[in-house]
Every structure is written in C-alpha cells, then in structure tokens.
Amino acid sequence: MDHAYQGELCMSTANDYNATVVERLDITPNLMIIRVKPDVTPFPFLAGQFAILGLQRNAPRIPEADPEEVPEDKALRLVRRAYSISSGSHETHLEFYISLVQSGELTPRLFALAVGERLFLGKSASGHFTLDRVPPGHNILMVSTGTGLAPYISMVRTMALGIGCPITPMAVVHGASYSWDLGYRTELEGLNRQCDHFRYVPVVSRPQDDKDWSGRTGRLNVWVENKKALEEACGFPVDPAHTHIFLCGNPGMIEFTEKYFVEQCGYDAGSKKEPGNLHAEKYW
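Residue numbers (the numbering used here): 74 to 357.
For the record, the hints were derived by calculation from the structure and aren't laboratory data. Keep in mind that a hint or two might mislead.
[As the list claims (entries may be wrong)] Derived DEER-like restraints, expressed as beta-carbon distance ranges:
{"#": "1", "residue 1": "Pro144", "residue 2": "Asn299", "range": "50 to 60 Å"}
{"#": "2", "residue 1": "Asp146", "residue 2": "Thr290", "range": "47 to 57 Å"}
{"#": "3", "residue 1": "Asn103", "residue 2": "Asn299", "range": "50 to 60 Å"}
{"#": "4", "residue 1": "Gln337", "residue 2": "Glu262", "range": "28 to 38 Å"}
The C-beta atom is built at its ideal place from N, Cα and C for all residues, glycine as well.
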C-alpha cells in the first residue's frame, strides 16, 4: 500500500541506493509484488509497518506512464514514498505489493525495475498499524481493498511463522474490482483450506466484467454491513468484546466502514496513544 508520505532528498547519487531487487512478480500490468534485499541486515520491523522506497528522478519509467518533464537541476533528486511491508517479520527480504499510478512520480519508475537493479530503502520501518494493540484471546478481522492487503499479509505470515497456521482466529476480507486483482489469492486460499482458525473472504465489485468469478460480489463497504453474512464468512462474532477490526485501503471504504462499525456495532476507533478495538490505516 502506498502511504501519503512524500519527500525528496536535495540531491542524491547512485551511492544512496542501498537495496537490491531480488524478485518480482507481476500480478497484472498494474499490480506487482517486488522483493527487496537491504544491503544492511537485519532490517527489523513489526508486521503492519511501512518502509520508504525511492528512486532518482532520472531513473527509467515505463512507457505507459503519463508524460513527465524532469528539469535538469532536479534529475538527481530522490523521489521517496512509503509502502506497507507485506513480508513476515521473520523473513530476510522485504516484500511490497504495489499498484501502478500512471501519473505518479515513483510507481512508474518502480515498475521499470528489473531483478538485480538497485534502489533506495529508508533506514528503518515505521507505523502503528500493528498487532501489538490486540489483547490476547481476541479474534482479528482484517478488511482491505486493493493493495491495502499488504500489511495483512505481513501479519498473517508473522503469526504463522511462515510454516503453519495462525493460532489466533483471523479473517482477511479483501475487495477488488476483478478476480485477477486479488493479489496473494493463491496463498490465502491455501491457508483457508489448511487452517481451522483462518478465513479468506474475497469480494469482487464488478462481476459483470468477470464472467469466471462465482464468489462473493458487491462493493466492500456495502457488503460488510450484512453482519450475519460477515460473521458467517469470518467464523467468529464481529463484536467489540471478542474481535478487533483492522481497516486498510481506499479512503472511502475506510470512512464508511469505520462509521458503520463505530455507530452500529459499538466499536471504539481510539487514538495512537489510547488505541481502541478498531484500527484504521488512513494513509493512501
């Protein structure tokens, strides 16, 4: 997920690049999973946090990107953005789930990267959208759209240690326009089959253009309002006494669902200093 962080270094050189692309998986022409190896390891982080990626303005861009003119005096400036980490905290690489913004400053450059190429990685991870705010014994419901799924992949992998099933009951509800936009679908479907305490709930909003999809349909923020269907899909009660909720993705979805869970279900959004039982990542 691309956070709202924006920033540039005054000037940079190739020596500022401190990480290497070690793997790349293209989900669609507009969605990719990229794995990055930091020069300095370990790179500690908590599941749900984000890291800064960057490239120089003179770095190559994909041909499909919107036209851009880069003034000569800014060609060496480093464009930086924050992205949620999707790898588990025990993994040796950093993984990111990124959506192409054709008019963006950084993603057209990231999508031009090949395995073995270099880029900038911030010195440390940041963010409070983490599982340490969930008391033991509570269920975890994770609702997302698009690349807002990324921090949940990190959470699931971390809690399963990459080799098993999460002990805590967890459900991932992921909304996308089409089934081919459901990144990590194979991995999550596998966990859904193998793990008694894990549920994967994909929802497609444009089934009329996706004839092969036979699963759940509708706009995610409307779909979650059906509390009975939501609880049946998750396999546990969706109430403040038993379940913590995480929201990540499209700002409209977050605003709508947060209001619903607070006003209709009695959830508390809390604050950074005093977290409640509903946690929203409001950066996009």
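Each hint, compared with the structure:
For the pair Pro144 and Asn299, the supplied restraint of 50 to 60 Å holds, since their beta-carbon distance comes to about 52 Å. For Asp146 paired with Thr290, a C-beta distance near 51 Å keeps the hint of 47 to 57 Å intact. Take Asn103 and Asn299: their Cβ atoms lie about 30 Å apart, and the range 50 to 60 Å is violated. For Gln337 and Glu262, the hinted distance range of 28 to 38 Å is satisfied, since their beta carbons lie about 30 Å from each other.
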